[in-house]
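Number of protein chains: 2
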Amino acid sequence: MEKKKNISMAVIRRLPKYHRYLNELVKNDVDRISSKELSEKIGFTASQIRQDLNCFGDFGQQGYGYNVKELCKEIDIILGLTKEYNTIIIGAGNIGQAIANYINFEKLGFSLKGIFDINPKLLGLKIHDIEIQDIDNVDDFLKNNNVNIAIICVPRKSAQKVAEIIIKNNVKGIWNFAPVDLVTPEDVIVENVHLSDSLLTLSCLLKDKI
Amino acid sequence: MEKKKNISMAVIRRLPKYHRYLNELVKNDVDRISSKELSEKIGFTASQIRQDLNCFGDFGQQGYGYNVKELCKEIDIILGLTKEYNTIIIGAGNIGQAIANYINFEKLGFSLKGIFDINPKLLGLKIHDIEIQDIDNVDDFLKNNNVNIAIICVPRKSAQKVAEIIIKNNVKGIWNFAPVDLVTPEDVIVENVHLSDSLLTLSCLLKDKI
Chain E
1 MEKKKNISMA VIRRLPKYHR YLNELVKNDV DRISSKELSE KIGFTASQIR QDLNCFGDFG
61 QQGYGYNVKE LCKEIDIILG LTKEYNTIII GAGNIGQAIA NYINFEKLGF SLKGIFDINP
121 KLLGLKIHDI EIQDIDNVDD FLKNNNVNIA IICVPRKSAQ KVAEIIIKNN VKGIWNFAPV
181 DLVTPEDVIV ENVHLSDSLL TLSCLLKDKI
Chain D
1 MEKKKNISMA VIRRLPKYHR YLNELVKNDV DRISSKELSE KIGFTASQIR QDLNCFGDFG
61 QQGYGYNVKE LCKEIDIILG LTKEYNTIII GAGNIGQAIA NYINFEKLGF SLKGIFDINP
121 KLLGLKIHDI EIQDIDNVDD FLKNNNVNIA IICVPRKSAQ KVAEIIIKNN VKGIWNFAPV
181 DLVTPEDVIV ENVHLSDSLL TLSCLLKDKI
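If you're matching them up, the sequences are chains E and D in order.
The C-terminal position of the first sequence is numbered 210 in UniProt numbering, with every residue numbered one higher than the one before it.
The C-terminal position of the second sequence is numbered 210 in UniProt numbering, with every residue numbered one higher than the one before it.
Calculated from the structure, these hints are not laboratory results.
Values in this document were obtained by computation on a predicted structure and should not be read as measured data.
Check before you lean on any hint, since a few could be wrong.
If chains are identical, the list can't say which one is meant, so a pair holds when it fits in one copy or spans any two.
[What the hints assert, rightly or not] Below, a list of computed lysine-lysine pairs in the BS3-like style, where the Cα atoms sit at most 27 Å apart:
#1 LYS27 - LYS17
#2 LYS209 - LYS36
#3 LYS161 - LYS107
#4 LYS121 - LYS17
#5 LYS17 - LYS172
#6 LYS73 - LYS83
#7 LYS209 - LYS107
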């Protein structure tokens, strides 16, 4: 199947939503769906959907709709879900522990290999059979293990320093929960979850209603 | 000060980042900053910054830069941070507890008033002096308390049902952590934090590097 390269960031941001909805359809034994029907479920316009899905292959057959299973497989490939990712969590506070316990990630192919914290009270405790280690061990751990994604859950003041240890050890993916924008080389992918930013967006839109 | 109304969603999404950087400048006793200097810190272009800040008032003085404190105050108003918000958390699993413990939100004016869960083992436990109550009490609680924001941290299957109880009780703000797109009336503001979507965006961008 011929594919177009260079999918735009806007399309990439929509892909996980397609992934969620299409997997739901597979679960419900839906074989085919038209862009119009998918539009009603997912909330994008039918023309947006046709344009998006056109970016990475020719699935739709006019009048027959999309083959749901094929589309799912292709989206899995584009989202990188046919690969496996070794991850570590740095910072085992509330957010770090919540992420460690969020078992759904394992199903998607993200395997948690290590958890690190600075707090002596947490060291030695286990989450899903993984012992929380001293943050001073991160450097050695990364040298001895193939880690693809580091999940940063430390306070803002330590985040850049932690990022630098990660980058030095050739980890190319950072999932950053610290409320700070990390300075990283171009070949490192950083995906931020800035909870405060999200809450402030909500208050901005809500303020005139209360 | 004359302000333009109807700030676009794109500008609103950038505002929390301005809020973070400008508050950092205030802490560091910086009085004035040019769009060029701010650009170097925040990563938006200087022309983008001038255009954004122009949306809600006339702060910049050519050659003198922006008055940092005034700008902060104005952004606080636009973000709704001069108001107080009463919040409840529904679902006291890992994410719910992490949010409940994320004390920074209190500083910003978001006050946690209730925590609810379905799990009998959690009922009666306290987080920051707030007892986890049975989820069956949510309806009554909302009738008797002025709640502005409900934070939904329940599994995807229960999220829509929970949202409907909230909406029925006239809560206009939902911060949704459930991996599902809620169906809500137009006057209800929903801000989603879809962790899986965020992780899949990361794997999508990372897949060819590993």
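Compare the structure with the hints numbered earlier in the document and write down the numbers of the violated ones, lowest to highest. 2 and 4
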